[in-house]
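Those protein sequence lines, which keep their order, are chains A and B.
Sequential numbering of the first sequence, starting at 72, is according to this note's numbering.
Sequential numbering of the second sequence, starting at 5, is according to this note's numbering.
Don't read these hints as lab results, they were simulated from the structure.
Among the hints, erroneous ones may be present.
[Said to hold, decoys possible] Using 30 Å as the maximum straight-line C-alpha spacing, the simulated DSSO-like pairs for lysine-lysine come out as follows:
1. A/K121 x A/K213
2. B/K180 x A/K202
3. B/K180 x A/K161
4. A/K124 x A/K202
5. A/K157 x A/K213
6. A/K121 x A/K210
[To be verified] The following residues of chain B were derived to be distant from chain A, with all beta-carbon distances above 12 Å:
7. T45
8. I141
9. G148
10. T190
C-beta: ideal position from N, C-alpha, C; glycine also.
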Amino acid sequence: MNEVKVNIFSNAARWFASLSNGENAVEGTGKFEEIAGELSPWQKLAAYIKEKKLTITGMQIRIDGRVYTLPSVEPKFGGEVPKSYKYFRKIAGDIGSDNPTDIEVAELHICIQAVYSTFVVSLWVDELGHKDCWVSVDKIKKES
Amino acid sequence: MATFTWYLQGDSNTELEDADKLQLAGAAFDAAITVSEYQDTTHVESSVGADDSVGDNPKNVKFISAAGGGGGDSQADWGDGTEDIDAITEAECTLKINFAHGSSVITENAIFYAYDGSTTTEVPTGVTFQCFEQGDIVFTNAEGSAAALSLEDNTTDTSHDFFIGVSASPESVGLKEAFKLRIELTYS
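Whenever a hint applies, use it, and build me the whole structure from the sequences.
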């Protein structure tokens with residue numbers, strides 16, 4: 072397994088994924104480095120998992136020395152086992168007529184999700200403000 | 005690095021920079037709109053009140069009806085008289101919003117709406133706001149995040165463009181400044 076040679080507790084938020092073959096995938100490092108014009112680290116991970124027939128067994132967000140962990144497939148404190156995991160960032164931009172703010176980015180949150188049979192647990196971290204964390208639970212909408 | 009860049013489209017596109025405002029006006033820059041009517045011109049107003057889009061012949065999309073067109077389509081006037089909005093091209097839309105990212109990402113769950121400038125769930129004060137994405141057949145009365153216009157998902161790329169028509173009508177006399185536009189999306 073490749074050694075991770077970057078400081079995974081650097082200021083930038085990163086997703087961290089444990090894989091079923093024992094590897095750890097870290098956003099922006101090794102196979103999942105962010106390179107301009109190439110697939111994003113998450114898209115690289117998706118392609119790698121498909122090619123190697125792997126699954127994600129746990130996910131974390133790491134930022135500023137803090138670690139936020141979703142339940143893994145072997146939950147540390149018991150409970151239900153997720154079926155899969157997802158990641159995305161949510162971004163917002165404003166333009167207006169009053170108190171204009173930075174129109175490039177008004178909001179940026181990193182989110183990782185543990186997907187269960189009927190619901191999704193989402194773990195959110197604010198990347199622009201105080202690095203605060205939130206957890207939300209949403210029912211999975213049935214497709215008609 | 006992820007960025008949004010907003011343009012008011014025209015013969016040349018005018019970029020909306022920090023502290024710029026999108027001005028929806030009457031017959032000309034700074035001209036008032038009659039209460040309950042929709043704007044006749046659209047401009048980029050600089051932080052010092054100048055018309056930044058004056059030489060660019062900016063696009064204007066004026067709301068005409070919610071369901072008066074063929075098959076119940078919404079209607080607008082974007083310079084050629086009243087037409088169903090599904091006839092508008094990307095270049096004729098008011099806004100082009102570009103989302104750029106250094107590496108190639110997919111975008112999902114994109115929404116666009118107006119709010120009061122403070123709380124995203126609150127409607128803009130004293131303004132009726134209508135918008136659509138190019139290709140839509142009806143306007144969306146997108147006031148507050150719960151009533152947002154849904155935008156199409158984009159496949160993997162480093163650059164994603166959204167083309168949107170916007171129109172607004174004052175509900176009372178006076179400048180309406182508790183009125184901000186927002187785009188939100190997720191990417192991975």
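Discussion item. Please check whether the beta-carbon of B/I141 is more than 12 Å away from every beta-carbon in chain A.
Written reply: holds, 21 Å
Fill in: Pairwise hint evaluation, A/K213 against A/K121, where the allowed Cα distance is 30 Å at most
holds, 26 Å
Practice prompt. Report holds if the minimum CB distance from B/T190 to chain A is greater than 12 Å, and violated otherwise.
Written response: violated, 4 Å
Worksheet item: Holds or violated: are the alpha carbons of B/K180 and A/K202 at most 30 Å from each other?
Response: Answer violated: B/K180 to A/K202 is near 34 Å, above 30 Å.
Worksheet item: Within 30 Å, alpha carbon to alpha carbon, are B/K180 and A/K161?
Response: holds, 29 Å
Fill in: Distance restraint between A/K124 and A/K202, which requires alpha-carbon spacing of 30 Å or less
At roughly 34 Å apart (the allowed maximum being 30 Å), A/K202 and A/K124 break the hint.
Item to complete: For the pair we were handed, A/K121 and A/K210, check the Cα-Cα distance against 30 Å.
Response: holds, 27 Å
Fill in: Check on B/G148 being off the interface with chain A, judged by Cβ distance over 12 Å
Non-interface label on B/G148 holds, nearest chain A Cβ at 14 Å vs cutoff 12 Å.
Worksheet item: Should the label of B/T45 as a non-interface residue stand, given a Cβ cut-off of 12 Å to chain A?
Response: holds, 15 Å
Worksheet item: Quick one, are A/K157 and A/K213 close enough, alpha carbons at most 30 Å?
Response: holds, 18 Å
Checked against the numbered hints above, the structure breaks hints 2, 4, 10 and satisfies the rest.
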